[in-house]
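Using the sequences and the hints given, assemble the complete structure.
Okay, here's what each chain looks like letter by letter:
2 protein chains.
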Amino acid sequence: MQTVFFDKKPRIVGTGTIAGPKECAGVVGKYVDKSLTDDTFGESTYEKAECKMLSYAVSKAIENSGRTEKDVDLLISGDLLNQIISASFTARDYDFPFLGVYGACSTMAESMAIAAAFINAGYYKNIVAATGSHFSSAERQYRYPLELGNTRPPQAQWTVTGAGGAFISYLGGENGKNIAQKNPIKGENPAYRLAPAITMATFGKVVDFGITDVNNMGAAMCPSCAHTLLTHLEETGRNADYYDLIVTGDLGALGSRILKDLTWEKGVDIADNHVDCGEIIYNVIEDEFQGGSGAGCSAVVLNSYIMDKLKTGALNKVLFIATGALLSTVSSGQGESIPGIAHAVAIENV
Amino acid sequence: MQTVFFDKKPRIVGTGTIAGPKECAGVVGKYVDKSLTDDTFGESTYEKAECKMLSYAVSKAIENSGRTEKDVDLLISGDLLNQIISASFTARDYDFPFLGVYGACSTMAESMAIAAAFINAGYYKNIVAATGSHFSSAERQYRYPLELGNTRPPQAQWTVTGAGGAFISYLGGENGKNIAQKNPIKGENPAYRLAPAITMATFGKVVDFGITDVNNMGAAMCPSCAHTLLTHLEETGRNADYYDLIVTGDLGALGSRILKDLTWEKGVDIADNHVDCGEIIYNVIEDEFQGGSGAGCSAVVLNSYIMDKLKTGALNKVLFIATGALLSTVSSGQGESIPGIAHAVAIENV
Numbered sequence: 430m431q432t433v434f435f436d437k438k439p440r441i442v443g444t445g446t447i448a449g450p451k452e453c454a455g456v457v458g459k460y461v462d463k464s465l466t467d468d469t470f471g472e473s474t475y476e477k478a479e480c481k482m483l484s485y486a487v488s489k490a491i492e493n494s495g496r497t498e499k500d501v502d503l504l505i506s507g508d509l510l511n512q513i514i515s516a517s518f519t520a521r522d523y524d525f526p527f528l529g530v531y532g533a534c535s536t537m538a539e540s541m542a543i544a545a546a547f548i549n550a551g552y553y554k555n556i557v558a559a560t561g562s563h564f565s566s567a568e569r570q571y572r573y574p575l576e577l578g579n580t581r582p583p584q585a586q587w588t589v590t591g592a593g594g595a596f597i598s599y600l601g602g603e604n605g606k607n608i609a610q611k612n613p614i615k616g617e618n619p620a621y622r623l624a625p626a627i628t629m630a631t632f633g634k635v636v637d638f639g640i641t642d643v644n645n646m647g648a649a650m651c652p653s654c655a656h657t658l659l660t661h662l663e664e665t666g667r668n669a670d671y672y673d674l675i676v677t678g679d680l681g682a683l684g685s686r687i688l689k690d691l692t693w694e695k696g697v698d699i700a701d702n703h704v705d706c707g708e709i710i711y712n713v714i715e716d717e718f719q720g721g722s723g724a725g726c727s728a729v730v731l732n733s734y735i736m737d738k739l740k741t742g743a744l745n746k747v748l749f750i751a752t753g754a755l756l757s758t759v760s761s762g763q764g765e766s767i768p769g770i771a772h773a774v775a776i777e778n779v
Numbered sequence: 430m431q432t433v434f435f436d437k438k439p440r441i442v443g444t445g446t447i448a449g450p451k452e453c454a455g456v457v458g459k460y461v462d463k464s465l466t467d468d469t470f471g472e473s474t475y476e477k478a479e480c481k482m483l484s485y486a487v488s489k490a491i492e493n494s495g496r497t498e499k500d501v502d503l504l505i506s507g508d509l510l511n512q513i514i515s516a517s518f519t520a521r522d523y524d525f526p527f528l529g530v531y532g533a534c535s536t537m538a539e540s541m542a543i544a545a546a547f548i549n550a551g552y553y554k555n556i557v558a559a560t561g562s563h564f565s566s567a568e569r570q571y572r573y574p575l576e577l578g579n580t581r582p583p584q585a586q587w588t589v590t591g592a593g594g595a596f597i598s599y600l601g602g603e604n605g606k607n608i609a610q611k612n613p614i615k616g617e618n619p620a621y622r623l624a625p626a627i628t629m630a631t632f633g634k635v636v637d638f639g640i641t642d643v644n645n646m647g648a649a650m651c652p653s654c655a656h657t658l659l660t661h662l663e664e665t666g667r668n669a670d671y672y673d674l675i676v677t678g679d680l681g682a683l684g685s686r687i688l689k690d691l692t693w694e695k696g697v698d699i700a701d702n703h704v705d706c707g708e709i710i711y712n713v714i715e716d717e718f719q720g721g722s723g724a725g726c727s728a729v730v731l732n733s734y735i736m737d738k739l740k741t742g743a744l745n746k747v748l749f750i751a752t753g754a755l756l757s758t759v760s761s762g763q764g765e766s767i768p769g770i771a772h773a774v775a776i777e778n779v
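Protein sequence lines correspond, in order, to chains A and B. Here the first sequence stands for residues 430 to 779, numbered as in the working numbering. Here the second sequence stands for residues 430 to 779, numbered as in the working numbering.
Where hints are given, some of them may not hold.
Same chains, same names: a pair is fine if it fits in one copy or spans any two.
To be verified - With a Cα cut of at most 25 Å, we get these calculated DMTMM-like pairs of lysine to aspartate or glutamate:
| hint | residue 1 | residue 2 |
| --- | --- | --- |
| 1 | Lys463 | Glu568 |
| 2 | Lys554 | Glu576 |
| 3 | Lys738 | Glu694 |
| 4 | Lys437 | Glu694 |
| 5 | Lys746 | Asp701 |
| 6 | Lys499 | Glu664 |
| 7 | Lys499 | Glu663 |
| 8 | Lys746 | Glu664 |
| 9 | Lys554 | Glu664 |
| 10 | Lys738 | Asp701 |
| 11 | Lys437 | Glu777 |
| 12 | Lys459 | Asp737 |
| 13 | Lys554 | Asp436 |
| 14 | Lys695 | Asp522 |
| 15 | Lys437 | Glu472 |
| 16 | Lys689 | Asp524 |
| 17 | Lys437 | Asp502 |
| 18 | Lys738 | Glu568 |
| 19 | Lys437 | Asp637 |
| 20 | Lys463 | Asp642 |
| 21 | Lys451 | Asp673 |
| 22 | Lys738 | Asp637 |
| 23 | Lys463 | Glu715 |
| 24 | Lys499 | Asp637 |
| 25 | Lys451 | Glu777 |
| 26 | Lys740 | Glu717 |
| 27 | Lys499 | Glu568 |
| 28 | Lys746 | Asp500 |
Calculated directly from the structure, the hints in this document are not laboratory data.
Following this line, the structure appears as structure tokens:
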């Protein structure tokens, strides 16, 4: 059994998001807390800009929850940079414990799942889960110097410049969508009125179909995503149409189509209720590129756009599956293929 | 409150360890499951050797527990390489879910703490926590090409070539050291007769005292180690002498002395019951170097030497604090200092 269940219903009481200019030209533009016009965020390096964005997302998630830093019991975070320096240096700025994770672009779901698991068990009451990425820091670490102006093949994705954080809390009680209302918290932040709950999580297996094209992450991550989704449905006894939305991050347009094929072959039709964060974050023209990627992709889309729909009740049952490609420049250089991983988190208005 | 308590007593029912020739010349030599005479482990690259060692440690921990791969619910692992490829590629070889973590050299404690937390909450019954490192892969990633034959300053440590894994299980019942005996498992492995329990864990904060010398990790990690230790003692109401041994990993000889000073200043004397994994793994001559480091350092020492003493009852109450230096070549190159982190796990024969 890969799925764990959270009967205490840890709730997402606030989120914080920030994104770059290219990202904010798309659907998330009007939902993020801050749109950057300058992707250096006033810093001297892209790595420092990435770290500052992540710090912003953490602080904003706390603020939007009507809480303070003193209320936070733990930060769970990771990012794409070597030795997750964005997360580590973000954690340095705060006076709460830190749990560093690495799941590549699956980090948002991984950190939310651990946070919910810890809160559900009663270890902590308030945990912030956050991640982010930056196009320019990722590009020069994983691919080529920016100055080279390298062309990209059509199957490539574009690393999202952005960060997102979720403040996850135990609000008491067991059931009913009005728990948050019965537990008024200072400030009467509307976010509490219908704080979506994390009801279960499915930790994924590493799956490798032998993809070696580092420009085709979508294809590399699809098999693990399909595996986690099918396992989740089987273990929970839910049908795919139980969910208003199955939102994957960041398969891209091509990856999203492959996922639909892979699940359809297994008798599961997600054509009508699936979107991919990478596919929707930009206005994708497929022969140009496949959309967004990076840990910040699903972090921004989930914590801004999707969370807005959950809070307003436009969506009530969402399965969030963040996907990660587990490679490094060294592993690819040594001829290894690209395994994928995907973790799923069910977010519901219950 | 940084400390979480595990009343269900998740138990370490088996461990697996492997180490290189330089390591096995020291105290761990007669306790590890496998001593390598060739540090390439028959592989074509050091990265692949590191991955193979980690796989060995995971498989051996499962075998030494008298279990099979089918019994494992989750693998929690991480390592020092960019994008934790050793852990990810190890996970690829098994058919159980994977949770990737990054805590630099604190990974053994971090992964054990999460494993114990998940088991204590009833999410899973059997989790393997493991990590490792390799001198040659770390050296060329973090420092200089091996071919350069670079000299090392006296405050430097030596990255351990080795890996260790712990199989952590819920064996039922609540108290009493004979629980394992009352739950006989196939094979009558003596390891069950007195399986040490993980009774609590203290997740650490990131602490930065402004150390910028990348050759002096011990000094960089000491403040966080002292903070976690003092917090643990304060929150649990235990005195330092409650523990038969407070074993830190991997401060090295110099770091170990600084830790004693830092805690002594706060009125906590650990002179008589503290050792450091980095200090004891080699026969340290301090003007040559300060001992071992790397995620594999504490993983090997804890899961071989220390675990043997716990199983035979020579030690009954051990506080294991693994320490991590949160830097990358990029962060150091951009002028950042080196923050440290330390997570503590209490392992007791109860």
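**Request:** Would you list, in rising numerical order, the hints stated earlier that this structure does not obey?
**Result:** Numbers 2, 3, 4, 15, 18, 19, 20, 21, 22, 23, 25, 26, 27 and 28 - these are the hints that the structure violates, sorted from lowest upward.
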